[in-house]
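Just need the whole structure built from these sequences, with the hints factored in.
Single-letter residue listing:
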Amino acid sequence: KAGVTQTPRYLIKTRGQQVTLSCSPISGHRSVSWYQQTPGQGLQFLFEYFSETQRNKGNFPGRFSGRQFSNSRSEMNVSTLELGDSALYLCASSLGGGYSPLHFGNGTRLTVT
Amino acid sequence: TQLLEQSPQFLSIQEGENLTVYCNSSSVFSSLQWYRQEPGEGPVLLVTVVTGGEVKKLKRLTFQFGDARKDSSLHITAAQPGDTGLYLCAGGASRGGNKLTFGTGTQLKVEL
Chain A
8 KAGVTQTPRY LIKTRGQQVT LSCSPISGHR SVSWYQQTPG QGLQFLFEYF
58 SETQRNKGNF PGRFSGRQFS NSRSEMNVST LELGDSALYL CASSLGGGYS
108 PLHFGNGTRL TVT
Chain B
539 TQLLEQSPQF LSIQEGENLT VYCNSSSVFS SLQWYRQEPG EGPVLLVTVV
589 TGGEVKKLKR LTFQFGDARK DSSLHITAAQ PGDTGLYLCA GGASRGGNKL
639 TFGTGTQLKV EL
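Chains as they are written, first to last, in my numbering: chain A, 8 to 120; chain B, 539 to 650.
Honestly, the hints are just simulated from the structure, not real lab data. Any given hint could turn out to be false.
[As the list claims (entries may be wrong)] Derived list of chain B stretches under chain A, where covered just means 3 residues or more per stretch with a C-beta under 8 Å from a C-beta of chain A:
#1 548-559
#2 638-649
[What the hints assert, rightly or not] Anything over 10 Å on all C-beta distances counts as not near chain A; from chain B, calculated:
#3 Gln571
#4 Glu592
#5 Lys597
Built from N, CA and C at the ideal position, the CB exists for glycine as well.
Put into structure tokens, the structure is as follows:
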């Protein structure tokens, strides 16, 4: 069974640009969550999508947005990039009910220069 | 804002030693999960505890959820180099959804 796939693995962008990250969940998983990981703030929740609807949202500015497609694949977009957006962005999928376990991808490392 | 503080932040021990990692909060969580993350990879779930006072064992790892569901501990017996990694606790605020609050992390290094 294939795990969670995130593309690309590495990205280098310039301040002010925008970026789109992609996440393919485990087959059958309907929930996709996004997290930002930085050395200073650790892992912080961005948002969760379930059956194409945003179910939960973290405390990030509106520059961070996401969506989920009918096949459960998800994308995350960050507009007007800032230096502080440099981070490892992790996607996790789950069946979505109760305490169903999260399965994380290996992340996209974004560097903003 | 819910916060989860882990201690210690760093731990370097010799193979065969025992250790305990603590995860504390002033907030109540409906569930508490522990993950291990290795360099270049995403976190991998080790265990989920949902009942106050619950104790779960996974081979040499013992996890406990505090009675008040505000804290948790991870105890490793006879640590091995393969246990090296970043240990993260994560609290769930409600039964539905996957909005987890992650702890500050404990970097463990086990040397031969």
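So which of the earlier hints does this model not fit? Hints 1 and 3 are the ones this structure does not satisfy, whereas the remaining hints hold.
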